[in-house]
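A.B. asks: Using the sequences provided together with the hints, build the complete structure.
Quick note on numbering: the sequence shown equals residues 1 to 351 in the numbering used here.
Do not rely on the hints blindly, as some may be mistaken.
As the list claims (entries may be wrong) - Straight-line Cα separation of at most 25 Å, PhoX-like style, residue types lysine-lysine; simulated pairs:
#1 Lys214 <-> Lys285
#2 Lys97 <-> Lys146
#3 Lys146 <-> Lys43
#4 Lys213 <-> Lys50
#5 Lys146 <-> Lys285
#6 Lys250 <-> Lys286
#7 Lys213 <-> Lys97
#8 Lys213 <-> Lys250
#9 Lys94 <-> Lys43
#10 Lys213 <-> Lys274
#11 Lys172 <-> Lys146
#12 Lys174 <-> Lys94
Keep in mind the hints are simulated off the structure, nothing from the lab. Quantities reported herein were computed from a predicted structural model and do not represent experimental measurements.
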Amino acid sequence: MLDQTVTETFQSFQSLTQEKGAMRAVDAARELGISEAELVEAKQVSGAAKRLRRDDTRGFAALLEGMVGLGEVMCLTRNEHAVHERYGEFDNVKIGKVMGLVLNRTIDLRIFMNRWAFGYVIEEEVSSGLRVSLQFFDKSGRAVHKIYPTENTDRAKFDALVEGWIDDTPAKIKTQIADPAPVDGADSDVDTAALRADWDAMTDVHQFFGMLKKHKVGRMQALRLVGEDMAYRVPNEAVTWALERAAEAKLPVMVFIGNSGCIQIHTGEIENIKAMGPWINVLDKKFHMHLRQDHVAHAWIVRKPSKDGIVTSLEAFDKNGQSFFLMFGERGEGNAELEGWRSILNGLGRA
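C.D. replies: Structure follows, in structure tokens:
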């Protein structure tokens, strides 16, 4: 039996939508002063949502592994400032208790499974008809990842997989207050010479995070301290400008957008760039991105050494100094960075 407060939350949600019309779940939850997961939990009252069980040892890992062979789906990963939607198939899935990878060109994910606390299957009527999704949330009730079947999904297999994960006796979820964003220590406490030496010694860009941890330095703090030959600020409009130049040049790129539980990556050319109010959008057939350009408080060009030469990224940070968007030129292991990508970034003036 559902908790009385869940029923009351659903009634408040109904009143809100009657007053303001259809809303994104995250926006409706914000209006109600609750987390998105708590709103989805309340939708169980109408039967629109059903809780998924979470394995005590591997979380939702086996469910994601079961997505292999089901055909095309649409994966959505977002944060407060940007949304990444990619159509493709699950393949080459490797998930441990804490970390996981989906290494397919179309669906490419870095998963932090220990952050996935709650999951639901949702069926709702929208303007285009009945929409089904799997939605996953962290302990604070923030969305970490969503999966939508498409007309090219094997629905019989998809539905059978999901049915095996439905929790018939869920207790009311208990969300936690989100952890505060980490605060950088004083610049004077950082051994900048040692930081630069370790930066120069990198042979793989994946060593970057370990280096930050070793020196107890924040990401943007490291960019400020390492030296302008390795990292420098560019105008905040650089994200829009680089997307437009890459589309014009038909240059294949890699676009990373993520949150505490998942990072989603698009690799390939981008074509249709469109601004709508404060949003800059990529509206391609298999890849959609929506980013609040006005939320870019800092934009940086970052150069990291690797065994294949320098790898350069364009990174966007919000007003709190948190990274929420990264873009690279497409690059495979053993290949040097695309000169066309470097040419685009060289066209950006320094801020």
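A.B. asks: Hint by hint, note whether the structure agrees.
C.D. replies: Here is what the structure says about each hint:
Annotation: proposed proximity of Lys214 to Lys285 is violated, straight-line Cα distance about 42 Å (limit 25 Å). Distance hint between Lys97 and Lys146 is fulfilled; the C-alpha atoms sit about 19 Å from each other, no more than 25 Å. Simply put, Lys146 and Lys43 have alpha-carbon atoms about 16 Å apart, close enough for the 25 Å limit, and the pair holds. Among the hinted pairs, Lys213 with Lys50 is inconsistent with the structure: their alpha-carbon atoms are about 39 Å apart, more than 25 Å.
Among the hinted pairs, Lys146 with Lys285 is consistent with the structure: their alpha-carbon atoms are about 19 Å apart, no more than 25 Å. A C-alpha spacing of about 16 Å is found between Lys250 and Lys286, which places the hinted pair at or below 25 Å, so the restraint holds. Restraint check for Lys213 and Lys97: the C-alpha separation of about 21 Å stays at or below 25 Å, so the hint holds. Proximity of Lys213 to Lys250 is assessed by CA-CA distance (about 37 Å); at most 25 Å being required, the pair is judged violated.
Straight-line distance between C-alpha atoms of Lys94 and Lys43 comes to about 32 Å, which puts the hinted pair past the 25 Å bound. Distance check on the hinted pair: Lys213 and Lys274 sit about 38 Å apart at the alpha-carbon level, beyond 25 Å; violated. This hinted pair checks out: Lys172 and Lys146 have alpha carbons roughly 21 Å apart, not beyond 25 Å. Taking the CA atoms of Lys174 and Lys94, the gap is about 29 Å. The hint is violated against a cut of 25 Å.
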